[in-house]
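**Student:** From just these sequences and the hints, can you work out the full model?
Counting from 38, one number per residue, gives the positions in the sequence shown under the working numbering.
Derived from the structure by calculation, the hints contain no laboratory data. Among the hints, erroneous ones may be present.
Unchecked claim - Straight-line C-alpha distance at most 30 Å; calculated DSS-like pairs for lysine-lysine: (1) Lys357 <-> Lys182; (2) Lys357 <-> Lys50; (3) Lys357 <-> Lys41; (4) Lys250 <-> Lys473; (5) Lys473 <-> Lys182; (6) Lys43 <-> Lys222; (7) Lys50 <-> Lys222; (8) Lys250 <-> Lys50; (9) Lys182 <-> Lys283; (10) Lys357 <-> Lys184; (11) Lys184 <-> Lys250; (12) Lys41 <-> Lys473.
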Amino acid sequence: MKAKVKPDLGFWKLWNLSFGFFGVQIAYALQSANISRIFATLGADPHELSYFWILPPLAGLVIQPIVGTLSDRTWNRFGRRLPYLLFGSILAVIVMALLPNAGSFHFAVGAALVFGAFALMFLDLSINISMQPFKMLVGDMVNEKQKGLAYSIQSFLCNAGSIVGYVFPFVLAWIGISNVAEGNKVPDSVTYSFYGGAVILILCVIYTFCNVKEMPPKQYAEYHGITEDKDDDKANFITLLVRAPKVFWTVGLVQFFCWAAFMYMWTYNTGGVAEQAFGWDASQGTQTENYQEAANWNGILFAVQAIGSVIWAAVLPSFKNRRVAYSLSLVIGGIGFISTMFFHDPHLLFISYFLVGAAWAAMLAMPFTILTNSISGKHMGAYLGLFNGTITISQIVAAAVGGGVYSLLGGHSQLNMIILAGVLLLVGACCVFGIKETYAEKHDVAVDPIAEQ
Numbered sequence: 038m039k040a041k042v043k044p045d046l047g048f049w050k051l052w053n054l055s056f057g058f059f060g061v062q063i064a065y066a067l068q069s070a071n072i073s074r075i076f077a078t079l080g081a082d083p084h085e086l087s088y089f090w091i092l093p094p095l096a097g098l099v100i101q102p103i104v105g106t107l108s109d110r111t112w113n114r115f116g117r118r119l120p121y122l123l124f125g126s127i128l129a130v131i132v133m134a135l136l137p138n139a140g141s142f143h144f145a146v147g148a149a150l151v152f153g154a155f156a157l158m159f160l161d162l163s164i165n166i167s168m169q170p171f172k173m174l175v176g177d178m179v180n181e182k183q184k185g186l187a188y189s190i191q192s193f194l195c196n197a198g199s200i201v202g203y204v205f206p207f208v209l210a211w212i213g214i215s216n217v218a219e220g221n222k223v224p225d226s227v228t229y230s231f232y233g234g235a236v237i238l239i240l241c242v243i244y245t246f247c248n249v250k251e252m253p254p255k256q257y258a259e260y261h262g263i264t265e266d267k268d269d270d271k272a273n274f275i276t277l278l279v280r281a282p283k284v285f286w287t288v289g290l291v292q293f294f295c296w297a298a299f300m301y302m303w304t305y306n307t308g309g310v311a312e313q314a315f316g317w318d319a320s321q322g323t324q325t326e327n328y329q330e331a332a333n334w335n336g337i338l339f340a341v342q343a344i345g346s347v348i349w350a351a352v353l354p355s356f357k358n359r360r361v362a363y364s365l366s367l368v369i370g371g372i373g374f375i376s377t378m379f380f381h382d383p384h385l386l387f388i389s390y391f392l393v394g395a396a397w398a399a400m401l402a403m404p405f406t407i408l409t410n411s412i413s414g415k416h417m418g419a420y421l422g423l424f425n426g427t428i429t430i431s432q433i434v435a436a437a438v439g440g441g442v443y444s445l446l447g448g449h450s451q452l453n454m455i456i457l458a459g460v461l462l463l464v465g466a467c468c469v470f471g472i473k474e475t476y477a478e479k480h481d482v483a484v485d486p487i488a489e490q
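**Tutor:** So this is what it looks like as structure tokens:
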């Protein structure tokens with residue numbers, strides 16, 4: 038059955054498809070910028086910081102393909118992807134209220150760290166459950182011609198949400214909310230940021246839920262060339278992976294190095310910035326004023342990264358060669374990470390993280406554009422869930438070896454891990470040239486690898 042061409046969507050319909058992503062990304066930004074700060078404040082050793090990041094991607098590795106497959110088969114009056122979006126968001130709101138209070142329940146240090154680790158796992162899991170439907174909605178409802186614009190809108194909203202999430206603690210401290218870590222308690226500036234982020238998240242998701250109407254099953258089948266007599270529903274995850282197009286694996290290899298780099302940024306950046314620009318060392322402890330100031334400044338640097346990402350995302354479409362644009366973006370980001378070793382003024386670090394934004398812009402848009410242009414049909418959600426494994430496996434490996442790598446690099450400076458992140462981005466940039474466009478990408482025809490067997 039030949040698929041009908043999906044109609045063009047107006048700008049505001051494309052906007053509504055992804056608007057909830059703004060709120061989800063605020064939650065993700067608060068997690069990225071503050072989790073290592075939270076665990077360090079609770080008493081975690083720098084050599085152990087990366088281990089607390091293992092559970093979230095491990096849970097995501099298992100749950101994302103399941104959510105993708107279930108949503109492929111879900112059809113009810115609320116939609117296909119939207120019910121999972123709402124469920125994930127509600128779970129995220131609950132966990133965001135609990136996580137920053139890990140040090141306030143009068144647990145011993147070990148128990149507080151364990152509670153925080155499991156809360157982080159559920160937060161990351163719920164955020165990912167919320168994020169995936171947005172990517173799937175674009176794959177489901179947007180034609181190949183408009184996917185670049187749709188993912189650009191999604192990237193803009195993602196970065197706008199990131200900026201809000203990153204600066205939240207800094208702004209709250211600036212207006213007078215306490216930024217002091219008393220005992221093992223997380224500063225009020227961080228706790229209230231999580232509360233505010235939770236409120237914005239649920240409001241944005243409700244907006245998308247109320248303003249997006251998914252295709253009914255019959256119409257979806259017409260636009261994706263699906264017939265009832267195919268038995269491809271029986272395909273399991275192993276079958277999907279075996280029959281995945283080559284681009285799934287080549288883009289996945291690039292993803293592996295990129296997400297390992299950003300895992301080390303999220304894990305060690307607060308300590309690295311504190312050492313490099315605020316005169317802090319680990320022997321002083323994390324309750325000191327300069328560490329907590331550096332932690333707030335870390336959010337500002339992440340916001341600068343997001344601004345750089347927004348600007349670079351506007352430049353990317355001007356490149357005629359997608360691989361050149363992708364690789365160049367990662368090279369610029371790698372230079373940004375490595376340049377941190379030369380700047381001791383907190384404001385000069387803006388240069389480094391502005392450059393890092395180029396890599397983030399490419400990572401947000403290009404992999405999913407390439408993949409969804411290659412895959413369609415009944416298994417879109419399952420493939421996107423499996424593709425998330427290229428992110429989670431990278432994070433699991435990076436977190437598992439992070440403590441050992443930190444020791445190998447001297448075990449005394451967390452900034453060394455940021456420089457390593459730059460090297461990993463440069464390796465990823467080299468791997469980009471192994472990506473070959475498929476027939477689907479060249480001819481604007483999406484195919485289902487299972488249906489074509």
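**Student:** Please write out, lowest number first, the hints stated earlier that are contradicted by the structure.
**Tutor:** Of the numbered hints given earlier, those the structure breaks are 4, 6, 7, listed in rising order.
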